[in-house]
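Q: Take a look at the letters that make up each chain.
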Amino acid sequence: MTEAIRISGDWALRLFWLVLLVSPARRILAAPRLIRARRILGLGAFGLTALHFGLYALDQQFDWIEVGLEVLLRTYLTFGAAAMVGLAVLAASSSDRAVSRLGGARWNRLHRGVYAVAALSFVHLLLRSRTDTFEPMLMLGLLAWLMGYRLIHRFAGDVTAARLMGLAVSAAAVTATAETCWHAAATGVDARRILAAHFDIAYGLRPAWWVLAAGVVAAAPPASAANLTHERFAGGGRIDTRPVGKLMAKPRELPLGVMAGVLLCFRSCGRKRYLAGEMAHQPRYPVGLHGGQ
Amino acid sequence: MSALLNRRLAPEKVVALAVAMAPAAWLVGLACLGELGVP
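Heads up: the sequence lines are chains A and B, in that order. The first sequence begins at 0 in numbering that gives the first Met the number 0 and counts up one residue at a time. The second sequence begins at 0 in numbering that gives the first Met the number 0 and counts up one residue at a time.
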């Protein structure tokens with residue numbers, strides 16, 4: 000039973016991290032269609048989390064008072080339960096209906112909580128794993144990379160290969176530092192010796208190296224794919240020449256398919272043209288187009 | 000009904016579904032083989 004609980008929890012986390020990686024992957028690989036996979040993977044992660052909790056409750060013979068006390072008294076279970084509740088909220092609000100009910104901006108704000116859920120589940124895994132910190136630290140490194148990627152995308156605009164290389168090195172440094180501090184605090188061994196062990200192949204490649212490798216791989220495609228420029232009508236008579244990797248519609252902005260329809264409408268000199276065909280699979284955008292009516 | 004039958008899932012969704020289901024299927028397989036101690 001313990002094995003089943005462990006496997007379901009580990010895979011729930013791996014799937015969850017895969018979900019987190021979808022957003023940067025679609026930009027870096029210039030593959031916006033990848034977004035279609037995110038909801039399914041997210042629901043899969045939540046399903047496994049529910050199974051993980053269900054197996055734990057089964058292990059306690061569904062003694063809910065015992066389960067509640069354990070969650071309150073054992074710190075790693077408290078973090079795990081909080082992460083599960085957060086994930087349940089995200090899963091419950093992932094349907095098209097929930098998106099249109101909440102509105103794009105509020106939905107985005109709510110789903111930014113995915114990073115808080117990730118942090119909670121990382122602490123849960125780290126406290127449970129104790130000294131076997133390979134996977135938790137790998138996840139921490141990837142999370143640091145993801146947060147850095149978001150910051151670059153938000154504040155610097157262009158996600159260039161050089162910035163991604165810098166991000167890879169920084170995320171690897173964060174991973175190595177966190178692992179060193181954790182082991183130094185847990186064992187009392189000199190932190191410099193633990194840090195030096197990162198450079199000793201005899202101990203195997205530590206998570207920091209894997210984070211660095213993943214970051215370097217992620218820095219390779221943008222030059223060839225995401226930085227290809229592409230023109231589109233951006234509203235107000237202006238042409239948007241952002242790289243292909245950034246052509247995903249933002250909230251309150253029309254997606255490309257609808258935009259092409261609007262452009263064709265202008266080209267047909269005001270003649271009536273039916274846009275329903277283009278809009279059929281974009282449930283929430285026409286609402287914004289008509290002023291929320 | 001015919002609309003449902005004619006509806007094709009996007010390949011990204013098919014792959015995501017397979018990835019999302021795989022761990023659960025693996026767990027069920029292990030449980031059936033009696034390797035997890037789950038009744």
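Bear in mind the hints are in silico, worked out from the structure with no lab data behind them. Careful, some of the hints might be misleading.
Unchecked claim - Sample of chain A residues at the chain B side, in silico, Cβ under 7 Å: (1) A3; (2) L47; (3) F154; (4) D157; (5) A160; (6) M164.
Even for Gly, the Cβ is constructed at its ideal location relative to N, Cα and C.
Q: Do the numbers back the hint for L47(A), that is, is its least Cβ distance to chain B under 7 Å?
A: holds (6 Å)
Q: Using the nearest Cβ pair, does A3(A) come within less than 7 Å of chain B?
A: At about 4 Å, which falls below the 7 Å cut-off, the nearest Cβ of chain B leaves the hint on A3(A) intact, so it holds.
Q: Closer than 7 Å between Cβ atoms is the bar; does F154(A) clear it against chain B? Give me holds or violated.
A: violated (30 Å)
Q: Would you settle whether the hint for D157(A) is holds or violated, based on the nearest Cβ-Cβ distance to chain B being less than 7 Å?
A: With a closest approach of 26 Å, the D157(A) hint is violated.
Q: Can we keep the M164(A) interface hint, with Cβ of chain B closer than 7 Å?
A: violated (28 Å)
Q: Let me know if the C-beta of A160(A) comes in closer than 7 Å to any C-beta of chain B, holds or violated.
A: At about 25 Å, which exceeds the 7 Å cut-off, the nearest Cβ of chain B leaves the hint on A160(A) violated.
In terms of the numbered hints stated before, the structure departs from hints 3, 4, 5 and 6, listed from lowest to highest.
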